[in-house]
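Trainee: As you go down the protein sequences, you meet chains A and B in turn. Everything in the first sequence is counted per my numbering, starting at 1 for the first residue and increasing by one. Everything in the second sequence is counted per my numbering, starting at 115 for the first residue and increasing by one.
Bear in mind the hints are in silico, worked out from the structure with no lab data behind them. Just so it is clear, the structure is predicted and the values come from calculations on it, not from any experiment. There's no promise every hint is true.
Unchecked claim - In the DSS-like style, the derived pairs of lysine-lysine whose C-alpha atoms are separated by at most 30 Å in a straight line are: (1) A:Lys-49 to B:Lys-132; (2) B:Lys-171 to A:Lys-49; (3) B:Lys-210 to B:Lys-183.
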Amino acid sequence: AQSVTQLGSHVSVSEGALVLLRCNYSSSVPPYLFWYVQYPNQGLQLLLKYTSAATLVKGINGFEAEFKKSETSFHLTKPSAHMSDAAEYFCAVYQSGGSYIPTFGRGTSLIVHP
Amino acid sequence: EAQVTQNPRYLITVTGKKLTVTCSQNMNHEYMSWYRQDPGLGLRQIYYSMNVEVTDKGDVPEGYKVSRKEKRNFPLILELPSPNQTSLYFCASSSKTTGVVFFGQGTRLTVV
Numbered sequence: 001a002q003s004v005t006q007l008g009s010h011v012s013v014s015e016g017a018l019v020l021l022r023c024n025y026s027s028s029v030p031p032y033l034f035w036y037v038q039y040p041n042q043g044l045q046l047l048l049k050y051t052s053a054a055t056l057v058k059g060i061n062g063f064e065a066e067f068k069k070s071e072t073s074f075h076l077t078k079p080s081a082h083m084s085d086a087a088e089y090f091c092a093v094y095q096s097g098g099s100y101i102p103t104f105g106r107g108t109s110l111i112v113h114p
Numbered sequence: 115e116a117q118v119t120q121n122p123r124y125l126i127t128v129t130g131k132k133l134t135v136t137c138s139q140n141m142n143h144e145y146m147s148w149y150r151q152d153p154g155l156g157l158r159q160i161y162y163s164m165n166v167e168v169t170d171k172g173d174v175p176e177g178y179k180v181s182r183k184e185k186r187n188f189p190l191i192l193e194l195p196s197p198n199q200t201s202l203y204f205c206a207s208s209s210k211t212t213g214v215v216f217f218g219q220g221t222r223l224t225v226v
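Full structure from sequences and hints, please.
Mentor: Below, the structure is given as structure tokens:
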């Protein structure tokens, strides 16, 4: 079985501040992990993915995430927030050899203040 | 361009009037899914399909039907829409080799 927990339904930061969005997963086998972003009035799009090649994964728009097996975490970070980063962010886990259907977290809304 | 296309983008209908939301993907993906998105509840999977003529219930299938007669199409059918089905709906497709999900732009459905 696989599941994803995103801590915090809303995260508020000032422009230029560090962004940290938390994601913890459970999986019975080594997982594939993803972060998706949903800008207002749009569908979700892939931000980055972890597939075991490297524990630190770089994505689009300056975001990165680090896979920590000991903590079963895959937190998303960005050193300096921009106003354009305001969006909904979803963590997802996909279990190779399982149902091949990813499980999504409930999402975290990132609010960026000027 | 790789894409998932769903129509219509916006729909207002009345209780009990059957409707269909179409979804088509051009990436030859094996897997297709329907999700609904509601405030505070995130994405909830309605139905999914792992191949042609193979469909299965997701987390919230009640009141919905799907079919997968062709690989590229996966329509969502509401035979007797009710107000609690007012939501934002997303169609998605993915490859079993990468797991990356491609989403449509969404259909905002209002049932009055």
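Trainee: Below or equal to 30 Å on CA atoms is what counts here, so check A:Lys-49 against B:Lys-132.
Mentor: At roughly 39 Å apart (the allowed maximum being 30 Å), B:Lys-132 and A:Lys-49 break the hint.
Trainee: CA of B:Lys-171 to CA of A:Lys-49, is that 30 Å or under?
Mentor: holds (26 Å)
Trainee: Mind checking the alpha carbons of B:Lys-210 and B:Lys-183 for me, to see if they're no more than 30 Å apart?
Mentor: Satisfied, since the Cα-Cα distance of roughly 19 Å is no more than 30 Å.
Comparing the model with each earlier hint shows a violation of hint 1 alone; every other hint is respected.
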